[in-house]
Amino acid sequence: MRRLLRHAPVLFALLLAAACGRDADVGGGTVIITTSADADALVPPLRATVGGKMVTELLFDPLVEIGPELDPIGDEGFVGRLAKSWAWSPDSLVITFTLDERARWHDGAPVVARDVAAGLAAIKAPANASTLFADVLEIDSVHVVDERTAALHFRERHNEQMYSASLVTPLPSHLVDTIPDGALSSSAWAQAPVGSGPYRFVAREPKVRLELAAVADHYRGRPGPDRIAMVVSESPATAIAKLWTEEADVWDVLPPPDVAEAAKHPHIRLVRSQGFDYAFVAFNYRDPRDTARAHPLLAERRLRHALTMGVDREGIVRALFDSLGRPGLGPFVRAQYSADTTLAQLPFDTAAASALLDSLGWTGRTRDGIRTRGGRPLALRAVVPAPSANRVRASVLVQEQLRRVGVDVTLEKLEGGAFNAARDAGRWDLIFGGWGTTPSLRGTRTTWGTRTRPGWGRLNAGHFENATFTASLDSALSARDLPTARGHFRRAYEAAIDDAPAIWLYEPAPVNAVHRRFTLPAWRSEAWWRTLPQWTLDPAQALPRDRAAAGAAAAP
Amino acid sequence: MTRGARLAAALLGAILLSALLAPWLAPADPRAQGALESLIWQPPSAAHPLGTDSAARDVLSRLLHGGRATLGIALLAVTVSMSLGSCIGAVAAVARGPLDALLMRVTDAFIAFPRLLLLLLVVAGVGHPGNAAFAVLLGATGWMTTARLVRQETRRLLATDHVRGARAVGVPWPRLVARHVLPALAPTLAAAATFAFATAVPLEAGLSYLGLGVLPPAPSWGNILADADARPLAHWWLVFFPAVAIAVTVVSANVLAETVARRAGAIDADRGEDEA
Amino acid sequence: MRAALVSRLLQAAVVVVLVVVAAFALIRLAPGDPFYSSLEEANVAPEQVARIKAHWGYDRPIPEQFARFARNLAQGDLGYSHSRIQSVQEALAATIPNTLVLVVTALGVAFAAGIALGAWQGWRAESRAARSTDTLGTVAVSVPEFVLAVLLMIGPALAWRWFPVSGMRTEFGPAGLAGLADLLWHLALPATALALPVLFIVARLQRNAMLGVRDAEFVRAARARGAGEGRAARRALRNALVPVLAYAGVHLSALVGGVVIVEKVFDWPGMGRLMVAAVHARDYQLVVGGVLAGAVCTVVGTMLADLLLLWADPRQRGRA
Chain H
1 MRRLLRHAPV LFALLLAAAC GRDADVGGGT VIITTSADAD ALVPPLRATV
51 GGKMVTELLF DPLVEIGPEL DPIGDEGFVG RLAKSWAWSP DSLVITFTLD
101 ERARWHDGAP VVARDVAAGL AAIKAPANAS TLFADVLEID SVHVVDERTA
151 ALHFRERHNE QMYSASLVTP LPSHLVDTIP DGALSSSAWA QAPVGSGPYR
201 FVAREPKVRL ELAAVADHYR GRPGPDRIAM VVSESPATAI AKLWTEEADV
251 WDVLPPPDVA EAAKHPHIRL VRSQGFDYAF VAFNYRDPRD TARAHPLLAE
301 RRLRHALTMG VDREGIVRAL FDSLGRPGLG PFVRAQYSAD TTLAQLPFDT
351 AAASALLDSL GWTGRTRDGI RTRGGRPLAL RAVVPAPSAN RVRASVLVQE
401 QLRRVGVDVT LEKLEGGAFN AARDAGRWDL IFGGWGTTPS LRGTRTTWGT
451 RTRPGWGRLN AGHFENATFT ASLDSALSAR DLPTARGHFR RAYEAAIDDA
501 PAIWLYEPAP VNAVHRRFTL PAWRSEAWWR TLPQWTLDPA QALPRDRAAA
551 GAAAAP
Chain E
1 MTRGARLAAA LLGAILLSAL LAPWLAPADP RAQGALESLI WQPPSAAHPL
51 GTDSAARDVL SRLLHGGRAT LGIALLAVTV SMSLGSCIGA VAAVARGPLD
101 ALLMRVTDAF IAFPRLLLLL LVVAGVGHPG NAAFAVLLGA TGWMTTARLV
151 RQETRRLLAT DHVRGARAVG VPWPRLVARH VLPALAPTLA AAATFAFATA
201 VPLEAGLSYL GLGVLPPAPS WGNILADADA RPLAHWWLVF FPAVAIAVTV
251 VSANVLAETV ARRAGAIDAD RGEDEA
Chain V
1 MRAALVSRLL QAAVVVVLVV VAAFALIRLA PGDPFYSSLE EANVAPEQVA
51 RIKAHWGYDR PIPEQFARFA RNLAQGDLGY SHSRIQSVQE ALAATIPNTL
101 VLVVTALGVA FAAGIALGAW QGWRAESRAA RSTDTLGTVA VSVPEFVLAV
151 LLMIGPALAW RWFPVSGMRT EFGPAGLAGL ADLLWHLALP ATALALPVLF
201 IVARLQRNAM LGVRDAEFVR AARARGAGEG RAARRALRNA LVPVLAYAGV
251 HLSALVGGVV IVEKVFDWPG MGRLMVAAVH ARDYQLVVGG VLAGAVCTVV
301 GTMLADLLLL WADPRQRGRA
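First to last, the sequence lines map onto chains H, E and V.
Start counting the first sequence at 1; every next residue gets the next number (the numbering used here).
Start counting the second sequence at 1; every next residue gets the next number (the numbering used here).
Start counting the third sequence at 1; every next residue gets the next number (the numbering used here).
Think of the hints as simulated: they come from the structure by calculation, not from any bench.
Yeah, the Cβ is synthetic: ideal placement off N, Cα and C, and Gly gets one too.
Watch out, some of these pointers could steer you wrong.
Stated by the list, open to error - 30 Å max Cα-Cα, derived BS3-like pairs, lysine-lysine:
hint	chain 1	residue 1	chain 2	residue 2
1	V	Lys53	H	Lys124
2	H	Lys53	H	Lys124
3	H	Lys124	H	Lys84
4	H	Lys84	V	Lys53
5	H	Lys84	H	Lys53
What the hints assert, rightly or not - Just a sample of chain E residues kept apart from chain H, beta carbon distances all over 12 Å, derived:
hint	residue
6	Arg31
7	Gln33
8	Ile40
9	Trp41
10	Ser83
11	Cys87
12	Gly97
13	Val123
14	His128
15	Ala140
16	Val171
17	Arg179
18	Leu215
19	Pro232
20	His235
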């Protein structure tokens with residue numbers, strides 16, 4: 001009885017907290033995200049990496065956001081954020097957004113229509129070199145109708161206008177308008193941003209940590225977790241180790257051996273999600289020494305077929321990902337709306353590959369078994385990005401597999417910047433590329449679209465060209481509804497697979513690890529952090545850092 | 001020679017010999033990949049005595065061939081650094097005056113520039129060089145202690161009455177150096193070279209581990225270690241065997257070097273040791 | 001003595017200038033640029049990158065860029081780090097102390113323990129204990145630095161949980177005195193990894209020097225005068241310190257290589273990690289700023305060690 005009395009105050013507090021729906025003693029918790037890549041920028045127009053996207057989306061709210069169905073066509077699949085409602089003009093070239101009057105910047109100023117204009121201006125300013133520049137080309141301008149109403153004017157109609165609008169994140173014009181062009185990245189505001197999102201900036205140590213705190217009076221409601229910290233480690237292995245010691249709570253994309261390790265730690269919950277990345281080995285259609293000329297070898301479609309058939313994609317996927325990955329199907333991922341798993345793929349068939357190579361005249365052999373034709377060996381140079389451990393491993397496996405069918409592949413590992421430079425210059429025969437995709441399919445124009453069209457194919461460094469693909473892609477992106485779009489995409493993908501511009505290597509199926517003390521809403525595969533504000537902490541499993549956060553949050 | 005020194009010499013000789021004969025000793029092609037599903041990351045077994053790595057390649061073969069790369073690079077690097085260092089040191093000692101000061105400042109500059117950073121910058125600039133070029137690069141960044149040592153000893157030797165007398169009589173510099181300095185320096189240099197070799201081996205391994213040295217799929221002791229990087233405990237054989245190989249090589253070289261140094265009569269001489 | 005000091009300072013300046021010019025040129029010759037060097041940042045058009053390069057002046061000829069750098073440096077401006085989104089000054093101010101803490105602790109422990117160990121080994125060279133620690137030392141020095149670091153991380157940190165896996169402080173950890181304890185707890189493994197090889201090298205040097213001096217005249221004389229074992233040992237030590245300190249001076253910058261690896265394995269936010277990341281990201285201004293700071297530190301450190309040597313061994317004073 002005495003013991004019960006002694007604990008009475010705590011019990012009372014717990015009861016009270018339970019009644020309020022939030023444990024005052026423990027609070028919403030502290031979420032520590034462990035990562036091996038720091039956020040490259042803290043403000044939306046400047047971010048380019050996934051880490052940057054995560055941080056900027058926690059700090060800044062967009063006008064609208066794509067819903068959990070990930071349907072980018074039209075506007076039914078979108079929910080309002082800073083914009084509580086919108087209206088289309090009759091010609092569909094203008095969308096007028098009405099802002100939520102409760103929305104505030106972290107310094108207390110209200111979010112106004114001019115902020116939308118500031119957001120677009122920051123993306124369009126050439127001196128800012130925003131990665132979003134190409135994605136909002138068709139948005140002409142923002143017209144400030146009144147304090148709370150902004151109209152986005154589009155140059156052309158297409159079926160993902162709302163998606164493009166979702167990329168324009170309003171910025172605090174009262175702070176940003178005074179910053180001269182090109183000085184945004186080095187400005188004080190960009191280093192300690194004032195945003196509109198559910199979390200505000202607290203502190204940052206570059207390449208070490210970043211701390212965000214919940215905005216208690218946020219217009220969408222108080223976020224669950226009180227604090228979010230991002231902790232950066234040098235290598236993924238060290239970063240993941242923090243999960244086991246409970247020094248961190250979340251990690252995305254757990255490699256297979258760590259998935260097995262996670263089973264030994266009862267405090268870790270695994271969440272399977274859909275992947276949005278795919279990797280491939282692209283062929284260069286042009287001569288690396290003179291990109292105006294066709295490639296002496298790879299311009300021949302049957303050679304590309306032979307090379308594709310010589311690679312055991314299933315084996316590579318198993319070696320790299322165990323069961324947590326699947327072979328690529330084409331220039332898309334299974335999570336996108338255009339995905340079609342019934343497409344006919346080129347099989348792994350070394351006999352057929354050899355026969356095809358023989359028929360092309362590669363009948364001679366060097367001492368090492370490499371095929372020759374007219375005395376010249378079948379030798380290709382492949383460029384591999386050193387920072388991508390998966391692609392590096394895949395390249396070694398592909399090299400060996402192609403060697404078995406008599407093709408000599410030299411691997412050249414390059415650092416990030418050097419890799420991008422070499423890719424854009426076309427100085428390669430093969431390239432181990434990879435793209436992170438989005439729910440929107442418009443990016444396909446940039447990555448695989450023909451370079452003869454203005455604004456298309458900027459990242460299509462291999463100069464892949466196919467009339468059917470282009471025409472079908474065009475139709476698909478103008479389709480008014482999902483089934484029509486899918487039909488066009490299927491034709492486009494069939495053309496792509498037949499032309500074999502790349503060996504579609506793999507698509508990782510990420511497994512995320514989260515500490516069990518948090519109850520999660522439905523997982524968002526394309527951006528898991530979007531549901532962070534709805535995470536709830538189980539008070540019974542609270543850690544000391546959760547309590548410390550509650551104490552800090554309670555203090556005035 | 002003590003028993004320890006004889007053991008060291010024998011071990012070192014065996015290691016060098018096995019590296020030399022690697023193409024004949026290795027049971028498999030170091031780049032040959034086995035069946036991906038079954039043979040990846042297998043611990044030591046009868047079929048693969050030292051296990052397999054991330055691409056199902058036999059570690060024993062890779063260790064033997066890797067020894068060729070690592071030891072070859074280390075030997076070439078030491079040759080370059082000793083030659084370069086001796087030349088610079090001797091010239092500085094003989095020339096004296098402003099040339100001496102300039103060479104010593106250049107030496108100081110090389111010492112002040114962190115070796116790893118310099119290598120990183122050069123590799124970033126020109127891309128990954130081949131093994132030989134890489135060895136030359138290592139040598140070209142590690143000659144400083146030898147230069148200082150040679151300069152100090154040469155000055156001391158040139159100040160002896162013997163040499164001063166010969167100089168007075170008119171014996172030309174090159175003859176003086178060849179006759180009086182080099183033979184006296186030889187044992188010290190031999191010791192310094194062996195110590196340098198003992199440092200060069202783990203250096204190459206460390207650089208390959210950082211991704212700067214021998215690039216996969218070509219094997220080296222360092223990049224076999226790097227293969228286990230993500231999971232050193234689970235894939236212990238990828239850490240253990242190269243580490244043992246490196247350790248045995250270094251210990252033997254160190255013991256041998258100390259014997260030579262003692263012979264040279266310079267127990268507490270500066271060891272000519274380059275950066276670890 | 002004073003003339004020697006001035007001449008030393010001038011020469012040190014020359015060295016620093018040489019090093020900075022080399023770094024300045026080398027990093028700009030590497031392909032790539034400070035912008036969008038990560039794989040994910042592929043989406044920016046080359047024209048945009050060219051524009052932002054021009055804005056920062058990176059398309060000017062290298063001598064012109066260097067002149068601008070020198071002008072800014074004269075005004076105390078070290079530049080801006082694109083990869084860290086902060087000024088170079090802030091970046092260095094944040095990381096140099098961390099590396100210093102690590103290196104000074106490691107060196108301090110290594111030298112103190114090494115000198116003690118080596119002196120004991122030299123004084124009692126015939127004992128079995130001394131000989132076995134000698135063997136242990138040889139092995140410890142032969143294991144590559146990173147293997148040592150990795151072993152320390154797997155065992156004491158990952159497997160047995162005696163120490164934290166990585167980092168310098170516990171996230172949201174304590175402040176004040178408890179914070180200092182937290183720091184020391186995080187410092188333990190990286191400092192050990194850095195100190196061990198140096199410790200045994202120093203012990204070896206000390207032992208050899210001690211052996212050489214142990215039976216020297218002045219020690220025998222001291223004993224003859226009735227001084228006890230301890231005092232004789234200490235006199236021997238003072239002389240035997242000379243070569244050890246000489247080692248310290250020359251090999252100061254040698255530590256940088258080991259520091260990089262230890263910082264990488266243990267996620268210690270220091271200069272080593274900073275510089276490697278800066279080179280990978282082609283962060284021109286940060287690389288040059290860091291090399292400048294490092295060169296100044298090394299040169300100053302070498303000078304200090306030389307002065308220490310002059311103090312310890314009066315015989316050297318005449319030469320300078």
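Kindly indicate which numbered hints from before are broken by the structure, ordering the numbers from low to high. Of the numbered hints given earlier, those the structure breaks are 4, 6, 7, 8, 9, 13, 14, 18, 19 and 20, listed in rising order.
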